[in-house]
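Residue numbers (this note's numbering): 1 to 247.
Calculated directly from the structure, the hints in this document are not laboratory data. Incorrect hints may have been included.
Stated by the list, open to error - Below, computed lysine-lysine pairings styled on DSSO-like, alpha-carbon distance capped at 30 Å: (1) LYS147 to LYS83; (2) LYS224 to LYS236; (3) LYS32 to LYS130; (4) LYS211 to LYS224; (5) LYS68 to LYS224; (6) LYS135 to LYS59; (7) LYS147 to LYS130; (8) LYS228 to LYS243; (9) LYS224 to LYS59; (10) LYS215 to LYS32; (11) LYS135 to LYS32; (12) LYS141 to LYS83; (13) LYS215 to LYS243; (14) LYS213 to LYS243; (15) LYS105 to LYS228.
What the hints assert, rightly or not - Computed spacing ranges between beta-carbons, pair by pair: (16) TYR198 to VAL96: 36 to 42 Å; (17) GLN27 to TYR90: 19 to 25 Å; (18) GLU142 to THR85: 20 to 26 Å; (19) THR214 to SER48: 23 to 29 Å; (20) LYS64 to GLN27: 20 to 26 Å; (21) SER94 to ALA126: 16 to 22 Å.
Using N, Cα and C, we set each Cβ at its ideal position, and we do this for glycine too.
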Amino acid sequence: MQRIFLLLFVLLSIACKETSKEELTAQEIVDKSIAASGGVLYNDHGTSFIFRDKEYVSKNENGKRVFKRISRLDSVTITDVKKDTGFERYMNDSLVAVPDSMAVKYANSINSVHYFVRLPFGLNDAAVNKELLGKESVGGKEYYKIKVTFDQQGGGDDFEDTYLYWFDTESFKPDYLAYDFHVDGGGQRFRKAYNERYVDSIRFVDYENYKPKTKDSDILEIAKLYDKGELELLSKIEIMDIKVRND
């Protein structure tokens with residue numbers, strides 16, 4: 001009899017754990033993912049890395065996050081700076097004027113690179129809306145599938161874009177992401193993370209970057225297209241020479 005009660009206790013404990021997993025919210029999954037990827041270190045540590053022959057730097061200045069992109073051409077160093085207050089360009093140490101249309105383009109480009117490198121941290125920004133779509137198998141492994149949209153206020157110029165993230169149900173790390181976009185004719189992208197490494201306890205990954213082979217596919221079905229081999233590899237997104245410092 002005692003063995004029967006013990007067996008029932010074990011089975012109930014397992015059932016409770018499985019139920020607990022099922023009842024996780026999108027917010028809880030993202031919080032666990034951020035904790036597994038660097039947590040509070042994202043706030044008080046700056047980073048620098050090389051991407052496509054340009055240096056990218058993030059740092060805190062007076063409590064505000066500042067993103068930079070540095071290009072070196074012979075004797076000229078071009079430093080593009082993205083702040084909450086706007087965009088600035090310096091040639092060597094001199095501030096130069098940039099047309100508003102180009103300033104927006106440069107700022108969005110800088111923000112995009114830093115955003116993907118710092119994932120999943122940005123998923124707790126105030127303008128982000130998260131929705132758990134359930135679980136989905138990708139590459140033979142089970143993931144939590146979360147849809148992300150943005151408020152117009154604070155969501156940037158691309159607030160109408162839709163993002164999807166697939167979080168490992170055990171480690172909570174985001175192994176895949178996808179998004180649609182509307183600029184330059186629009187389209188969809190699907191990214192697979194690889195080459196995971198931790199630098200001073202902050203997670204960094206590279207990505208394989210795919211697009212659907214056919215137009216007008218449903219962004220919500222893009223992982224199924226990946227599993228069917230119906231995505232085309234466009235590029236690899238690789239970051240190098242990563243450094244982390246305490247701001």
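How the hints compare with the structure:
Distance hint between LYS147 and LYS83 is fulfilled; the C-alpha atoms sit about 27 Å from each other, no more than 30 Å. At roughly 21 Å between alpha-carbon atoms, LYS224 and LYS236 fall within 30 Å of each other, so this suggested pair holds. Proximity of LYS32 to LYS130 is assessed by CA-CA distance (about 14 Å); at most 30 Å being required, the pair is judged to hold. The straight-line distance between the Cα atoms of LYS211 and LYS224 is roughly 13 Å, inside the 30 Å bound, and the hint therefore holds.
For the hint linking LYS68 to LYS224, the alpha-carbon distance of about 36 Å lies beyond 30 Å, and the restraint is violated. Pair hint LYS135 plus LYS59 does not hold up; C-alpha atoms about 36 Å apart against a cutoff of 30 Å. The hinted pair formed by LYS147 and LYS130 meets the criterion: a straight-line CA distance of about 6 Å does not exceed 30 Å. A C-alpha spacing of about 38 Å is found between LYS228 and LYS243, which places the hinted pair above 30 Å, so the restraint is violated.
With a CA separation close to 38 Å, the supplied pair LYS224 and LYS59 exceeds the 30 Å bound. Among the hinted pairs, LYS215 with LYS32 is inconsistent with the structure: their alpha-carbon atoms are about 35 Å apart, more than 30 Å. Restraint check for LYS135 and LYS32: satisfied, since their Cα atoms lie roughly 16 Å apart, inside the 30 Å limit. In summary, the hint linking LYS141 to LYS83 is not supported, as the alpha carbons are separated by about 39 Å, beyond the 30 Å threshold.
For the hint pairing LYS215 with LYS243, the CA-to-CA distance comes to about 39 Å; that exceeds 30 Å, so the pair is violated. Using a Cα cut-off of 30 Å, the hinted pair LYS213 and LYS243 is violated, with the two alpha carbons roughly 37 Å apart. Restraint check: the Cα-Cα separation between LYS105 and LYS228 comes to about 35 Å, which exceeds 30 Å; the hinted pair is violated. Between TYR198 and VAL96 the CB atoms are about 38 Å apart, so this pair conforms to the stated range of 36 to 42 Å.
In this structure, GLN27 and TYR90 break the distance hint of 19 to 25 Å, their C-beta atoms being roughly 39 Å apart. Distance hint check: the CB atoms of GLU142 and THR85 are about 44 Å apart, inconsistent with the given range 20 to 26 Å. For THR214 paired with SER48, a C-beta distance near 39 Å fails the hint of 23 to 29 Å. Separation of LYS64 from GLN27 is about 25 Å and conforms to the stated range, judged on CB atoms against 20 to 26 Å.
Between SER94 and ALA126 the beta carbons are some 35 Å apart, a value that contradicts the proposed interval 16 to 22 Å.
In summary, the numbered hints that this structure violates are 5, 6, 8, 9, 10, 12, 13, 14, 15, 17, 18, 19 and 21.
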